[in-house]
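Number of protein chains: 2
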Amino acid sequence: MRYNQSIQVKAPATVANMVCGFDVLGFAVREPYDLMTLRLREEPGILIRHKDSFGLPEAATENVAGVALMALMETINTPVGFELSIEKQIKPGSGLGSSAASAAGAVVAANLLLGDIFSKEDLVRFAMHGEKLASGVKHADNIAPCIYGGTTLIRSAFPLDIITLPSPELYVSIVHPQIEVKTADARSILRQQILLKDAIRQWGNIAGLVAGILQNDHGLIERSMEDVLIEPARSILIPGFDKIKQASKAAGSLGGGISGSGPSVFMLSDTAEKAGAVAQAMQDIYQAIGLEHYTYVTTINASGVEVLA
Amino acid sequence: MRYNQSIQVKAPATVANMVCGFDVLGFAVREPYDLMTLRLREEPGILIRHKDSFGLPEAATENVAGVALMALMETINTPVGFELSIEKQIKPGSGLGSSAASAAGAVVAANLLLGDIFSKEDLVRFAMHGEKLASGVKHADNIAPCIYGGTTLIRSAFPLDIITLPSPELYVSIVHPQIEVKTADARSILRQQILLKDAIRQWGNIAGLVAGILQNDHGLIERSMEDVLIEPARSILIPGFDKIKQASKAAGSLGGGISGSGPSVFMLSDTAEKAGAVAQAMQDIYQAIGLEHYTYVTTINASGVEVLA
Numbered sequence: 001m002r003y004n005q006s007i008q009v010k011a012p013a014t015v016a017n018m019v020c021g022f023d024v025l026g027f028a029v030r031e032p033y034d035l036m037t038l039r040l041r042e043e044p045g046i047l048i049r050h051k052d053s054f055g056l057p058e059a060a061t062e063n064v065a066g067v068a069l070m071a072l073m074e075t076i077n078t079p080v081g082f083e084l085s086i087e088k089q090i091k092p093g094s095g096l097g098s099s100a101a102s103a104a105g106a107v108v109a110a111n112l113l114l115g116d117i118f119s120k121e122d123l124v125r126f127a128m129h130g131e132k133l134a135s136g137v138k139h140a141d142n143i144a145p146c147i148y149g150g151t152t153l154i155r156s157a158f159p160l161d162i163i164t165l166p167s168p169e170l171y172v173s174i175v176h177p178q179i180e181v182k183t184a185d186a187r188s189i190l191r192q193q194i195l196l197k198d199a200i201r202q203w204g205n206i207a208g209l210v211a212g213i214l215q216n217d218h219g220l221i222e223r224s225m226e227d228v229l230i231e232p233a234r235s236i237l238i239p240g241f242d243k244i245k246q247a248s249k250a251a252g253s254l255g256g257g258i259s260g261s262g263p264s265v266f267m268l269s270d271t272a273e274k275a276g277a278v279a280q281a282m283q284d285i286y287q288a289i290g291l292e293h294y295t296y297v298t299t300i301n302a303s304g305v306e307v308l309a
Numbered sequence: 001m002r003y004n005q006s007i008q009v010k011a012p013a014t015v016a017n018m019v020c021g022f023d024v025l026g027f028a029v030r031e032p033y034d035l036m037t038l039r040l041r042e043e044p045g046i047l048i049r050h051k052d053s054f055g056l057p058e059a060a061t062e063n064v065a066g067v068a069l070m071a072l073m074e075t076i077n078t079p080v081g082f083e084l085s086i087e088k089q090i091k092p093g094s095g096l097g098s099s100a101a102s103a104a105g106a107v108v109a110a111n112l113l114l115g116d117i118f119s120k121e122d123l124v125r126f127a128m129h130g131e132k133l134a135s136g137v138k139h140a141d142n143i144a145p146c147i148y149g150g151t152t153l154i155r156s157a158f159p160l161d162i163i164t165l166p167s168p169e170l171y172v173s174i175v176h177p178q179i180e181v182k183t184a185d186a187r188s189i190l191r192q193q194i195l196l197k198d199a200i201r202q203w204g205n206i207a208g209l210v211a212g213i214l215q216n217d218h219g220l221i222e223r224s225m226e227d228v229l230i231e232p233a234r235s236i237l238i239p240g241f242d243k244i245k246q247a248s249k250a251a252g253s254l255g256g257g258i259s260g261s262g263p264s265v266f267m268l269s270d271t272a273e274k275a276g277a278v279a280q281a282m283q284d285i286y287q288a289i290g291l292e293h294y295t296y297v298t299t300i301n302a303s304g305v306e307v308l309a
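The listed protein sequences correspond, in order, to chains D and C. Its first residue numbered 1, the first sequence is counted upward by one per residue in the numbering used here. Its first residue numbered 1, the second sequence is counted upward by one per residue in the numbering used here.
Any given hint could be a false lead.
Note: identical chains are not told apart, hence a pair may lie in one copy or across any two.
[Said to hold, decoys possible] Derived DSBU-like pairs: lysine-lysine, alpha-carbon spacing no greater than 35 Å straight-line: (1) Lys274 with Lys132; (2) Lys120 with Lys138; (3) Lys197 with Lys132; (4) Lys245 with Lys138.
Don't read these hints as lab results, they were simulated from the structure.
Isolated chain D (complex conformation) (with noise of 0.2 Å):
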């Protein structure tokens, strides 16, 4: 227990779905990440304070990481409180997993300070809460991705089991047009039929994503990001979308695509330059439009919520 000590965590963005994987994947990002510092207590409560303008709630139990927190408090026996202070740099709203963010990177910190008695496993269900709260559904594809770092597939959300894979050494662009889209609504736009070919060609699809990442085959992880399904209905509520993609494929990416339920868009690239002429070519596109939009180029974080000094 390390009363009145504190500890600053980046806790980084996270991308879900990775085209193809449709709730089971998702990987971490090095940029952007949402800074926390985190104070234990020996007072019991949780305290949050935000500094950052996106007006968040700061009562604990409205608070994504304030409801990972209690759920780690209850399970320990000793009383303890924290001291919560959230500088977020993901955009709620934004698909990059920015409620995840902060409820994984509070529960890393707890942790630490009460001497590192979860696994990590552990603390993905106690995050899980956070995500609940967030949207309804105890989801863990960006949770994990953001505790464990690199790319992850949960393989199963009941019974939760988490199968860690290697981080392919690829560059990220990410475009975030300033658009709102609900993850409530990017869900209920989804068939909750679908043709058994589809989901055939779905899963063949997936399994090459999974073996392109092991065996680190570019050219299979390109030819695996192909979404019949979720992408189709999903892509009408991001403006630019289809000229998004093949404006990044022109560019050299190996492909990509929606993040999380959007309106984030993520493309992969095998060099920093092709990354860079994507995240160009994205911007091109929405500043023909006049939509106001971040772009983000960065890799793989292979190591997840990050102690600082």
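Chain D is fixed; fit chain C onto it per the hints.
What follows is chain C alone, placed relative to chain D:
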């Protein structure tokens, strides 16, 4: 061109689907296998003789090996002929890739007699004509492992994209109950519409199985061999299926399921002893029911069609 020379090959049985990988995964086994002798002739035409008692057609246009050889011959300019003798040991309709073995064995042997002019992918394409004749569908999930050996992933059938996976060091117990399950019936029993949530569970498992094979993680292979879509429908066609599965697990198997479209059932184990105990458990169940059956205890075949000395 090795005119008037002949070559003998062993074409192995194959297990398609691997439980959760419907239409995309398959592996070759050491036993059973077909023995085939092919002779290259200067006179055009294909002469086929069956040295077994299955009563399969010997006219080239009606024989799976015949149509595969015809597809191959269409691509070469020199007119040649073949004389093929087939001693089938893989019973037609067993769900063990009997038609695939005949077609694959024939084209592999032909290629060697013609001076090794085709790629393995070419050979798969030729042999798929045999599957078209046998089942109406040009599928590759038995043909590919039969030709490449080991475990293969058909990421996509059109365009064809075959991924070879390393062969896990596992033992295979197979039981073939002597009932007939027509591939067409096994197909028609499947729903063409499925629930997205079931598809997600299935592709989590497929991704897990591929990761388990590539990382040689037997626990992950075990957890991933779950089929929520196909097995519940098809297993009704196989007497005692649930009992076979339970008894195999109790005997130490990692799990398994229907081989191809059945009626054969396969189980994977990590030792020869367990695989033997599993086969015994399978036998006991069919003996109690009074159903005639064959069992095999074998291993995954990393080499595929093999040329005999």
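Hints versus structure:
no.: 1; hint: Lys274 with Lys132; verdict: neither (37 Å within a copy, 43 Å between copies)
no.: 2; hint: Lys120 with Lys138; verdict: within (16 Å within a copy, 45 Å between copies)
no.: 3; hint: Lys197 with Lys132; verdict: both (32 Å within a copy, 18 Å between copies)
no.: 4; hint: Lys245 with Lys138; verdict: both (30 Å within a copy, 32 Å between copies)
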